[in-house]
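Chemist: If you want the building blocks of each chain, they are given just below.
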Amino acid sequence: MGLTNEHIKQRLTEKFGDQLINFEEPYGMLTFEAPRELNLKVLNFLYDDEELKFRFMTDLCAVHYPDNKGKELAVVYHLHNLVDNCRIRFKVFAPVEQPDVYTATGLFSAANWMERETYDFYGVNFVGHPNLKRILNVEEMDYFPLRKEFPLEDQSRVDKDDEMFGRG
Amino acid sequence: MSTENNNTQPQQNLAFPGHIEELPGGGIVLSKLDDVINWARSNSLWPLTFATSCCGIEYMSVAGAKYDFSRFGFEVARASPRQADVIIIAGTIVNKMAPVLKRLYDQMGDPKYVIAMGACAISGGPFFYNTYSVVKGADHVIPVDVYVAGCPPRPEALMHALITLQQKIKSGLTREQIRASND
Ligand code: SF4
Chain A
29 MGLTNEHIKQ
39 RLTEKFGDQL
49 INFEEPYGML
59 TFEAPRELNL
69 KVLNFLYDDE
79 ELKFRFMTDL
89 CAVHYPDNKG
99 KELAVVYHLH
109 NLVDNCRIRF
119 KVFAPVEQPD
129 VYTATGLFSA
139 ANWMERETYD
149 FYGVNFVGHP
159 NLKRILNVEE
169 MDYFPLRKEF
179 PLEDQSRVDK
189 DDEMFGRG
Chain B
445 MSTENNNTQP
455 QQNLAFPGHI
465 EELPGGGIVL
475 SKLDDVINWA
485 RSNSLWPLTF
495 ATSCCGIEYM
505 SVAGAKYDFS
515 RFGFEVARAS
525 PRQADVIIIA
535 GTIVNKMAPV
545 LKRLYDQMGD
555 PKYVIAMGAC
565 AISGGPFFYN
575 TYSVVKGADH
585 VIPVDVYVAG
595 CPPRPEALMH
605 ALITLQQKIK
615 SGLTREQIRA
625 SND
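From first to last, the protein sequence lines stand for chains A and B. Numbering-wise (our numbering), the first sequence opens with residue 29 and increments by one. Numbering-wise (our numbering), the second sequence opens with residue 445 and increments by one.
Hints were generated in silico from the structure; no laboratory data involved. Remember, predicted model here, so these are calculated numbers, not experimental data. A hint or two may mislead.
Calculated pairs, DSSO-like style, for lysine-lysine (alpha carbon to alpha carbon, straight line, at most 30 Å) [as the list claims (entries may be wrong)]:
id, chain 1, residue 1, chain 2, residue 2
1, B, Lys-580, A, Lys-176
2, B, Lys-612, B, Lys-580
3, A, Lys-99, A, Lys-119
4, A, Lys-69, A, Lys-97
5, B, Lys-546, B, Lys-612
6, A, Lys-176, B, Lys-540
7, B, Lys-546, B, Lys-614
8, A, Lys-161, A, Lys-97
9, A, Lys-161, B, Lys-540
10, A, Lys-161, A, Lys-176
11, B, Lys-546, A, Lys-161
12, A, Lys-161, B, Lys-580
13, A, Lys-99, A, Lys-37
14, A, Lys-119, A, Lys-176
15, A, Lys-119, A, Lys-97
In isolation and in its complexed conformation, chain B is listed as follows:
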């Protein structure tokens, strides 16, 4: 990305939300509680260990030492949905897997987020989109927050998606959360 582009990025999304009121002998941090909570949440998103096909290899690569998503707060992949905040749908979802995916999603504690990684999770995939066994997009099963195009997406693309999700969280509640709080 060019430096020009960097300047147009909304900086407040990256820094701590709020400002420091300078006083003699120190200062006071002023902020909104909601913003602080969202800021904290967005920097501690633990993904679920979940991969159904080839995209999972790139996901593992992002989790590994070379790309290392724990630098951004994605810390460790949890093997239990009850300990996970975000599910990365890495791979093809077949009809038989769909109820399992739904169940995993339902078992995750709120707030929870979903990333659809790769063509399969977005639309059923580049090869299998027309077969008898494949779900034509994971968003038929659970709501998706961020889509990453690619087959498979490069590790950088997945990291971009993860950072996009962080920005989304920092900027307020997601549509599903608003809907749930109205119920």
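Chain A with its partners taken away, still in its complex shape:
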């Protein structure tokens, strides 16, 4: 393992200065936050850099933090360097009123369906996505079900009694 978290962090700060914030290492995985305008620049840098070589997109998803005013929606990128077997995660935040984030489809084809899924469940608008429509839910659906204002369970059911399922 030639690549250490310290080294990645150093390369990133050399390039982006103090625009990248909140560096953490939960369970040993380097995690940081980027401004949302910079998401493609960061992805490109991580991809192209001769040392970093994060050329595999493992996952792309979103999180909804309703109390995080102005930064309600987080889009989370997971990347993998397959040469040094090293993983990294970074987040960009967007306001829920205007959740525009640049699409990563130009760099990773895998981002296409993952961004559609993220749009489907959280309503993140990926600017420049070639085919941004629902992928898993029915197309007539007019809301984004994994946003926190929608209860996990359909509250209108009266014929099912939670007590019978051991959680009354």
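Based on these hints, arrange chain B with the ligand on the given structure of chain A.
Modeler: Just chain B with the ligand, lined up with the frame of chain A:
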């Protein structure tokens, strides 16, 4: 099952419907044509290859060598609804799948039969019954002939359901068939 129980089972459901009129030098089989047709149908029910979640694993197990439903006439699972007689709804039906299920059912030739396998197909499931995406029972979409309880039902339970369906067919037309013939 105890032997006592076995004795109370309606035997005529298992054997050929009709009886042999013994005559010198041979015999004549006497029966009703409808009964013979139903008897033939019930012993040649080809299921559709259709499984939407975990129950499908048990369905595959029943189709495999250990339980082997072809012993009972379920022979092979067909990948085309046009060649299938029975659809086993093995798994959760979500809102997006519901029109597909309906379409598959509509494409099956008559007579067709439906088995709802597991809690998901019966009522929307033990875990997902209250979510935004799940159909609360496949019988909201297509008529069901036999329900199998379980999560998932054991292979034996599915086989019991298949045999129950055979008995149902042998005992006459199903409600849907009667309704269709009246139209
Ligand atoms: S009934 Fe249970 S095993 Fe069957 S599909 Fe539903 S959750 Fe899976």
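Chemist: All the hints need checking, so say for each whether the structure fits it.
Modeler: Against the structure, the hints:
no. : hint                  : in the structure
1   : Lys-580/B - Lys-176/A : 23 Å, holds
2   : Lys-612/B - Lys-580/B : 25 Å, holds
3   : Lys-99/A - Lys-119/A  : 11 Å, holds
4   : Lys-69/A - Lys-97/A   : 25 Å, holds
5   : Lys-546/B - Lys-612/B : 23 Å, holds
6   : Lys-176/A - Lys-540/B : 22 Å, holds
7   : Lys-546/B - Lys-614/B : 26 Å, holds
8   : Lys-161/A - Lys-97/A  : 27 Å, holds
9   : Lys-161/A - Lys-540/B : 14 Å, holds
10  : Lys-161/A - Lys-176/A : 21 Å, holds
11  : Lys-546/B - Lys-161/A : 24 Å, holds
12  : Lys-161/A - Lys-580/B : 26 Å, holds
13  : Lys-99/A - Lys-37/A   : 24 Å, holds
14  : Lys-119/A - Lys-176/A : 19 Å, holds
15  : Lys-119/A - Lys-97/A  : 16 Å, holds
The structure agrees with every numbered hint stated previously.
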